[in-house]
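Residue numbers (our numbering), protein chains in the order written: chain A, 1 to 116; chain B, 1 to 116; chain C, 1 to 397; chain D, 1 to 397.
What the hints contain is simulated information worked out from the structure, not anything from laboratory work.
Beta carbons: idealized from backbone N, C-alpha and C, even for Gly.
A portion of the hints provided could be inaccurate.
Ranges between beta-carbon positions, derived for each pair [as the list claims (entries may be wrong)]:
hint : chain 1 : residue 1 : chain 2 : residue 2 : range
1    : A       : Asp9      : C       : Glu338    : 26 to 32 Å
2    : D       : Arg131    : B       : Asp9      : 46 to 52 Å
3    : D       : Glu266    : C       : His86     : 46 to 52 Å
Counterexamples of contact, computed for chain D against chain C with all Cβ distances above 10 Å [as the list claims (entries may be wrong)]:
hint : residue
4    : Gly42
5    : Ser71
6    : Glu262
7    : Glu266
8    : Arg297
With the Cβ distance kept under 7 Å, some of the chain B side facing chain D (calculated, not the full set) [unchecked claim]:
hint : residue
9    : Ala5
10   : Lys8
11   : Leu11
12   : Ala12
13   : Ala17
14   : Pro32
15   : Gly35
16   : Arg37
17   : Glu50
18   : Arg53
19   : Leu55
20   : Ala56
21   : Tyr57
22   : Gly58
23   : Cys59
Next come the chains, spelled out residue by residue.
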Amino acid sequence: MSYSATFKDHLAHPRNAGELPEATAVAEQTNPVCGDRLRLSLVVHNGRIEVARYLAYGCPPTLVCGSVLTELITGKTTTEAKQLTRADLLNAIGGLPSRKHHAAALAIEALNAALR
Amino acid sequence: MSYSATFKDHLAHPRNAGELPEATAVAEQTNPVCGDRLRLSLVVHNGRIEVARYLAYGCPPTLVCGSVLTELITGKTTTEAKQLTRADLLNAIGGLPSRKHHAAALAIEALNAALR
Amino acid sequence: MPDRRIYLDHSATTPVDPRVANAMARSVAENFGNPSSVHGFGQQARAAVDRARREVAALVNARPNEIIFTSGGTEANNLAIRGVCHGSTVAARHIVTSSIEHPSVRGVCAALESDGWEVTRLPVYEHGIVRIEDVRHAVRPDTVLVTIMLANNEIGTVQPISEIGAFVRERRAAGQKLFLHTDAVQAAGRMVLNVEDVGCDLLTLSAHKLYAPKGVGALYARRGVRLMGQNVGGHQERERRAGTENVPGIVAFGEAAKIAREELFERTAHDAALRDKFERKVGELIPDVVMNGDRERRLPHLSNTSFRYIEGEGLLINLDLQGIAVSTGSACSSGTLEPSPVIRALGVDDEIARGSLRFSFGKDNTDLDVDYTVEVLVQAVERLRALSPLSRPLVVS
Amino acid sequence: MPDRRIYLDHSATTPVDPRVANAMARSVAENFGNPSSVHGFGQQARAAVDRARREVAALVNARPNEIIFTSGGTEANNLAIRGVCHGSTVAARHIVTSSIEHPSVRGVCAALESDGWEVTRLPVYEHGIVRIEDVRHAVRPDTVLVTIMLANNEIGTVQPISEIGAFVRERRAAGQKLFLHTDAVQAAGRMVLNVEDVGCDLLTLSAHKLYAPKGVGALYARRGVRLMGQNVGGHQERERRAGTENVPGIVAFGEAAKIAREELFERTAHDAALRDKFERKVGELIPDVVMNGDRERRLPHLSNTSFRYIEGEGLLINLDLQGIAVSTGSACSSGTLEPSPVIRALGVDDEIARGSLRFSFGKDNTDLDVDYTVEVLVQAVERLRALSPLSRPLVVS
Ligand SMILES: Cc1ncc(COP(=O)(O)O)c(C=O)c1O
Ligand SMILES: Cc1ncc(COP(=O)(O)O)c(C=O)c1O
Ligand code: FES
Ligand code: FES
Chain A
1 MSYSATFKDH LAHPRNAGEL PEATAVAEQT NPVCGDRLRL SLVVHNGRIE
51 VARYLAYGCP PTLVCGSVLT ELITGKTTTE AKQLTRADLL NAIGGLPSRK
101 HHAAALAIEA LNAALR
Chain B
1 MSYSATFKDH LAHPRNAGEL PEATAVAEQT NPVCGDRLRL SLVVHNGRIE
51 VARYLAYGCP PTLVCGSVLT ELITGKTTTE AKQLTRADLL NAIGGLPSRK
101 HHAAALAIEA LNAALR
Chain C
1 MPDRRIYLDH SATTPVDPRV ANAMARSVAE NFGNPSSVHG FGQQARAAVD
51 RARREVAALV NARPNEIIFT SGGTEANNLA IRGVCHGSTV AARHIVTSSI
101 EHPSVRGVCA ALESDGWEVT RLPVYEHGIV RIEDVRHAVR PDTVLVTIML
151 ANNEIGTVQP ISEIGAFVRE RRAAGQKLFL HTDAVQAAGR MVLNVEDVGC
201 DLLTLSAHKL YAPKGVGALY ARRGVRLMGQ NVGGHQERER RAGTENVPGI
251 VAFGEAAKIA REELFERTAH DAALRDKFER KVGELIPDVV MNGDRERRLP
301 HLSNTSFRYI EGEGLLINLD LQGIAVSTGS ACSSGTLEPS PVIRALGVDD
351 EIARGSLRFS FGKDNTDLDV DYTVEVLVQA VERLRALSPL SRPLVVS
Chain D
1 MPDRRIYLDH SATTPVDPRV ANAMARSVAE NFGNPSSVHG FGQQARAAVD
51 RARREVAALV NARPNEIIFT SGGTEANNLA IRGVCHGSTV AARHIVTSSI
101 EHPSVRGVCA ALESDGWEVT RLPVYEHGIV RIEDVRHAVR PDTVLVTIML
151 ANNEIGTVQP ISEIGAFVRE RRAAGQKLFL HTDAVQAAGR MVLNVEDVGC
201 DLLTLSAHKL YAPKGVGALY ARRGVRLMGQ NVGGHQERER RAGTENVPGI
251 VAFGEAAKIA REELFERTAH DAALRDKFER KVGELIPDVV MNGDRERRLP
301 HLSNTSFRYI EGEGLLINLD LQGIAVSTGS ACSSGTLEPS PVIRALGVDD
351 EIARGSLRFS FGKDNTDLDV DYTVEVLVQA VERLRALSPL SRPLVVS
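Looking at chain A on its own, in the form it has when it is part of the complex (with noise of 0.2 Å):
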């Protein structure tokens, strides 16, 4: 188990963590297996995301997730938001080990809940 420099940056300095009291829309889920949870809150503007924050309890790679979740999503449309898939997300945090995949299908599904 070692982490990239990147991650491990994630973990010291998340970014976008928290929530918002203005939000258009807001999502939880709890991945029923370890118990992991991401809380995640937006702003959606004209079909935009204009501002996301999140929430993370679990292993590192849930807190990672989250945090780079809320970077990639700032600033797309829905539409592509939606497009996003749990590979991506591995991308660009720059991959786990596969026992760790669902942390990122944990981060997707919130993010498809909060869309809904």
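Chain A is fixed; fit chains B, C and D with the ligands onto it per the hints.
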């Protein structure tokens, strides 16, 4: 298997090695299990062992038992020599691991055969 | 790499004491012979191994010929448990163990289970300690072995092995072929160890928890215990553990055992002072913490603390980025999805189990290390809690 | 202790190369972390182990993840043989081996035999080499494993493993679940080793025959070979060998493997020159000697010579008293009453078997060492022969 200094000295400088053309008694014993062999030549005069020589083939304990035995018996009367036991010989050489005790037994047998 | 590095993971492994490293380096240079060789080079190496054997024996008050050197604690545990079970001459096939054993004991027990052995795993309740009554109830006429650790590696709790030992001896006096094994890997060098007082038949040690290098350990096997060798094909260690001896490792182990015996009280007092200060400050400065395991019956150097609302590994990495090394669960189970089975065995909820960190102090740690660690910890916990959804209700607009 | 000490027992173990000792000492000081730990100290140790793994893999042209570090050659042999046999999913229970294996292979095969496995031990004839036709005949539809050493430790003969490997692959292509293990402990560093050319599925190495310290070895297990772990209860070595890694030993092994690869041709040429000179002089100066094992298909550094009329151990001790270290049989069987089973397997008479000594040369030996050794040997043989009754008829007066 660490041998004592005395033991090694006998091995490097065997005492009384050889045969005696003028021997009055000669005997050779072979250990049926391991094949070790001891040959003893004695000059017995007036019931006293005046000269003793040995030849030996086999493991170091057998070689050393031969050397130490000849030292022990030289000058002894045959009656005294007949009373020598395996234990006496073992004592004289400073002990042997138990699975090597039969080397001392071989030497005592050769002695008894020569004195018979 | 951060400027300052603080090692607080002495239960995972310890730095090698320079005196031990020296003894080892000397042995590498001087005693390279094979201890099985008859010549001088070999006998010199044999003598070095024998000296080390006496020191390791002295550490636990055993006789030198009751010490079997192994490649570590894991192998010693394998040898003890399989050795007794496979060597057993009775038809019985039942083992009693605890639910908080090190993975190596857990692993061998599970392996025997899949070979048809029955295994009873005793609970440890909220304090992390096995109850002697439970042992009494669990042992059956067909029990061959009780294997319960002396001190736990994650929470440091000390088990009532002397009482268990007395009970096992009672059963043996009554004719049962029952043996007691105890894994003392964490206890050695951190408390007084005496196999006579403990009353065990087998006891496991590992050098690298004693400021010696990794890759060497020992099993104490009381004279008369029938043990079937596991690594076979050589007459080393009185036919109980084949393979050319790790001479430099064994020499280092001997030196470390000697120092551990001589400096035991110093070390335990030192470690306990730091640990206690650490716990006091954490208790004062960080809300919502739970300290796991019994407060009294535990090793002096270890603190296992859960930080509510956050998960341990993220916290661990945050500390690591600041140069502070701690662990979650045992080093061996790191990388699994499951929260530590040891913490779970305490009956705590998942959040506490997943939020636990182990801080284990050692002889080279200082007061300043504690201050700095607490400072960094306070900030890291705050940062991660700010990220946690657990403390905040979900408000869907 | 004698003034001059000459070590001619490199097949028993080798002195540690100073470069290797340095790498080891550095590792003790710098990489003390537990490779299983997530933090920086742990990852640093993990990286050191991985580097060493690449070097050891390169020595035999394997992939790094095909290398399993063990506590030595004995454990690697145990793991290979038991691992394949216990891991086998077919009902078959037959093993083919040779009659001159190292005690560790012999021991595991005997242990499996008493568990109900059938073992065929192939003859090696007067040259000490297994015949490929015999292997073909011995392998049955229910054979699970062929385990035959690459080079013998007492007489140095090199076995036709590539041919056996080709045959095993044929059988596997025909659907049989048959594997080939070879013990390359003596071969490594003394001949080119390439697991692809050898065609084996498992191959054993031991560091201390390569100028590295004792207590570390490796098993090459080809990707896809099903191996049941023997030391269990930890996720190390991809679950195939539990226990905290012997980090300094592994680092030393890696360094030694690298040097062995780089200096292979130099070393073999050097050793062979000394050995050949030694044999030439012995042949010239001492009557009634027999050189055991094939003259051509053998390791470059080893001479096994029998001195008629005398027994090896007495000669060994006489040499030792003059500072020269050699061995009778394998170091591991020293101390037994039986003459070496390896020499006996050559079909020689008892006297030749008991009169054999092994001289094994190494990189630090010199021409002068050979001269001095032969000088001492000539005298010692004479002295002992003067003591021997074997050459002289018994005349009873
Ligand atoms: C309690 C306990 N038992 C056994 C072991 C295993 O010992 P080793 O690391 O030497 O294999 C450890 C340490 O890892 C331990 O803490
Ligand atoms: C051929 C052979 N196999 C196996 C071994 C055993 O290796 P180790 O000494 O590392 O246990 C040895 C050396 O003793 C050997 O020569
Ligand atoms: S443990 Fe399941 S995603 Fe983190
Ligand atoms: S081997 Fe039998 S006495 Fe020497």
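Structure-based check of each hint:
no.: 1; hint: A:Asp9 with C:Glu338: 26 to 32 Å; result: holds, 27 Å
no.: 2; hint: D:Arg131 with B:Asp9: 46 to 52 Å; result: holds, 48 Å
no.: 3; hint: D:Glu266 with C:His86: 46 to 52 Å; result: holds, 47 Å
no.: 4; hint: Gly42; result: violated, 7 Å
no.: 5; hint: Ser71; result: violated, 3 Å
no.: 6; hint: Glu262; result: holds, 21 Å
no.: 7; hint: Glu266; result: holds, 21 Å
no.: 8; hint: Arg297; result: holds, 25 Å
no.: 9; hint: Ala5; result: violated, 10 Å
no.: 10; hint: Lys8; result: holds, 6 Å
no.: 11; hint: Leu11; result: holds, 5 Å
no.: 12; hint: Ala12; result: holds, 5 Å
no.: 13; hint: Ala17; result: holds, 5 Å
no.: 14; hint: Pro32; result: violated, 12 Å
no.: 15; hint: Gly35; result: holds, 6 Å
no.: 16; hint: Arg37; result: holds, 5 Å
no.: 17; hint: Glu50; result: violated, 16 Å
no.: 18; hint: Arg53; result: violated, 10 Å
no.: 19; hint: Leu55; result: holds, 4 Å
no.: 20; hint: Ala56; result: holds, 6 Å
no.: 21; hint: Tyr57; result: holds, 5 Å
no.: 22; hint: Gly58; result: holds, 6 Å
no.: 23; hint: Cys59; result: holds, 6 Å
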